[in-house]
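Number of protein chains: 2
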Amino acid sequence: MLKQMGVCAKEASRVLALQDGRARAQALTHMADALLKNEQAILVANAQDVANGQQAGLTSALIDRLTLTPQRVAGMADALRQVAALPDPVGLVQQRMTRPNGLRITRISAPMGVIAVIFEARPNVTADSAALCIKSGSAVILRGGKEAIQSNKAVVFALQEGLACAGLPQDCVQLVTDTTRQSAQELMCLKGYVDLLIPRGGRGLIQSVMENAQVPVLETGEGVCHIYVDKSADIDMATAIIDNAKTSRPSVCNAVECLLVHEELIDKLPALLAPVLAKGVEIRGDEMVCANIPQAVPAAPEDWGQEYLDLILAVRVVKDIDEAIAHITRYGTSHSEAIVADDTEAAGQFLAQVDAAAVYHNASTRFTDGGEFGFGAEIGISTQKLHARGPVGLEQLTTFRYLIHGEGQVRT
Amino acid sequence: MLKQMGVCAKEASRVLALQDGRARAQALTHMADALLKNEQAILVANAQDVANGQQAGLTSALIDRLTLTPQRVAGMADALRQVAALPDPVGLVQQRMTRPNGLRITRISAPMGVIAVIFEARPNVTADSAALCIKSGSAVILRGGKEAIQSNKAVVFALQEGLACAGLPQDCVQLVTDTTRQSAQELMCLKGYVDLLIPRGGRGLIQSVMENAQVPVLETGEGVCHIYVDKSADIDMATAIIDNAKTSRPSVCNAVECLLVHEELIDKLPALLAPVLAKGVEIRGDEMVCANIPQAVPAAPEDWGQEYLDLILAVRVVKDIDEAIAHITRYGTSHSEAIVADDTEAAGQFLAQVDAAAVYHNASTRFTDGGEFGFGAEIGISTQKLHARGPVGLEQLTTFRYLIHGEGQVRT
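Here the protein sequences come in this chain order: C and W. Under our numbering, the letters of the first sequence match residues 58 to 469, in that order. Under our numbering, the letters of the second sequence match residues 58 to 469, in that order.
Chain C on its own, in the form it takes in the complex (with noise of 0.2 Å):
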């Protein structure tokens, strides 16, 4: 079943790259149309997966992410213009040569082909997703949770309609409605069909994605972010970066996980951690943290490295940078690192010496993302290394060609 998904996809996806432009910002403005003209069904079938989920016993924050209103799904319409309106990536001239032998070869940006992407709860990021996909020229097969799956019906419902207004092939769009594992399993496979697969959820997903997939992957997620206060730290700022890349959304990837104090600073600690400790945060402290803040509990070794998602925050003292950039190289997940530094020196060590996809120079690791970055969307962020690195925005979610002009060239 799902190979001819496959099918229908590449179908779709070639006529799809054959629309200039404009017609794709259209077709997204008649799904926008689509998603407000279906809320009515939209919003009933999400008052069944919720009332399933309750009845699942799902916690109430994960009831929260799943719940729509009519307020977030004229959110889902906009942000479906927002795309729209954001500069088309794809026919992009992206570098030009003439070699010796007189062929001219250009190379343009060009859509990716069938993109899947699998993800967790939240009915949002299914509309975002496809929003993504369409802008940049490709077809996309949805996976998502068994939880939000008839919110997810509705809304693809709705897309396809707008696909069809737009005069566009609706295997545009296409879901899964089979949520087992056994169709993720099978999606991850679909090889000659899915050019990219984008895995959106937690480390679970990701790692069974990576392990299991056969077609090309982008690896989001893990986000171990390190603050390394510098001994020429301005400590205000300091203060006020580790309390916002900690407490102002602690549950995303780019939230700081650990802390890293030069020694030299010791007596600023108390001062460093107040605003946090008066939000609740739970601090994980070395013996050096510990004896300096009552509130702090012993960190176990497993606390390096970890990825709490909350209000925790892991806090060592390191003799010198060397040893916060060996602390980072270590435990880091090369997602968002920063240095806070009035030393331009110090900075420039540790900007050249981190390797991680965003490394910051007194500033906060929240800032890795696709909307602060200027690329006015993002289908979330990468930590591997191939094809992208952080947010992933419209650029990123496409490829590109040779077209070469001769006069009759042959390789001698």
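Derived from the structure by calculation, the hints contain no laboratory data. Values in this document were obtained by computation on a predicted structure and should not be read as measured data. Mixed in with the good hints, there may be bad ones.
Repeated chains share a single entry, so a pair holds when one copy, or any two copies, can fit it.
Straight-line alpha carbon distances no greater than 25 Å define the calculated SDA-like cross-link-like pairs of lysine to any residue that follow [what the hints assert, rightly or not]:
#1 LYS60 / ASN269
#2 LYS67 / GLY278
#3 LYS60 / GLN363
#4 LYS203 / PRO127
#5 LYS67 / GLU279
#6 LYS288 / ALA356
#7 LYS248 / GLU268
Since chain C is already given, all that's left is putting chain W on it; use the hints.
Chain W only, in chain C's frame:
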């Protein structure tokens, strides 16, 4: 055991990433010197491989590819020097943005980290692959075939001697000396240590890697390339391009495997095929072709989409350019596709609608090659869409990092 190699490679890659371009180029020069210095040992080891190969009944073509001579060793050293002289692909500014909040974001090219290469018989691949990885700032783990194991050991010994002379860790270049299937399998699953795996070899190897790898892979290789001769084509030009694309090196992936000819040119078929027929190319044609070319044999269904890598050419008559594009869409491998046409509209349609790494107008498919594209050297031809398409040169062996400078910005 392989995990330990992964640990050492990661460690070495960190040291290598801190070197500037000049130091990496110098290391390659030392490695070239060391190859020449170790010429005798390399030839002795190679003679052992050749003797083993003859005993094992390898074909003379394989024996030829395996055999090293003083000239070929000198060629390997020259290739290292040529790579050394290429522009440094690391640390290039790819993008600069200043955000409304004042954050300054710079995207710069960066080493991939650890690259693994699994390849088959030819020992020169060992030195070539190592050179491209070191030049682009990455450590490399090489896993060659058992046929060349003694040669590979001797070559890697020399390369490591060169690294040591340059003051770099020898683990920047490591060889997996266990040539069982098990070692390849382990290498494909070295998650957290291998940032990129590149298979270089035949279809069986590539498929096995695609199916089993748990680390990011760059798929290379299979090329079912087509040439479509439009009714507007200059027949002399088309004839020369067909000859070049088929016979200049039939065993490589950018050689043409299938010719599509517009039906209005049916009487030109003998002229179009005269040079390849004279060179002994077997023509497997459809009915129209067989009716017009006495030497042609009827094509079986499996001839369409077949990668012969030999002096065989499938030939089909199509009724128009749409049928040609549909054939390529169905049977091509998105490698290299060409149209020969004087009609610029037909050429434009072909270039717009054919989805391949390289799409040619009036030139031979044989130009899909790192050297011919001006990349200086390549590690293979990518047939996937993620990260790199077409020739994989130094640029394609790098990733990037975002460096972000702020003045205490936090996210609201």
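Cross-check of the supplied hints:
no.: 1; hint: LYS60 / ASN269; in the structure: both (17 Å within a copy, 20 Å between copies)
no.: 2; hint: LYS67 / GLY278; in the structure: between (27 Å within a copy, 22 Å between copies)
no.: 3; hint: LYS60 / GLN363; in the structure: between (38 Å within a copy, 22 Å between copies)
no.: 4; hint: LYS203 / PRO127; in the structure: within (22 Å within a copy, 65 Å between copies)
no.: 5; hint: LYS67 / GLU279; in the structure: between (31 Å within a copy, 20 Å between copies)
no.: 6; hint: LYS288 / ALA356; in the structure: within (23 Å within a copy, 75 Å between copies)
no.: 7; hint: LYS248 / GLU268; in the structure: both (15 Å within a copy, 9 Å between copies)
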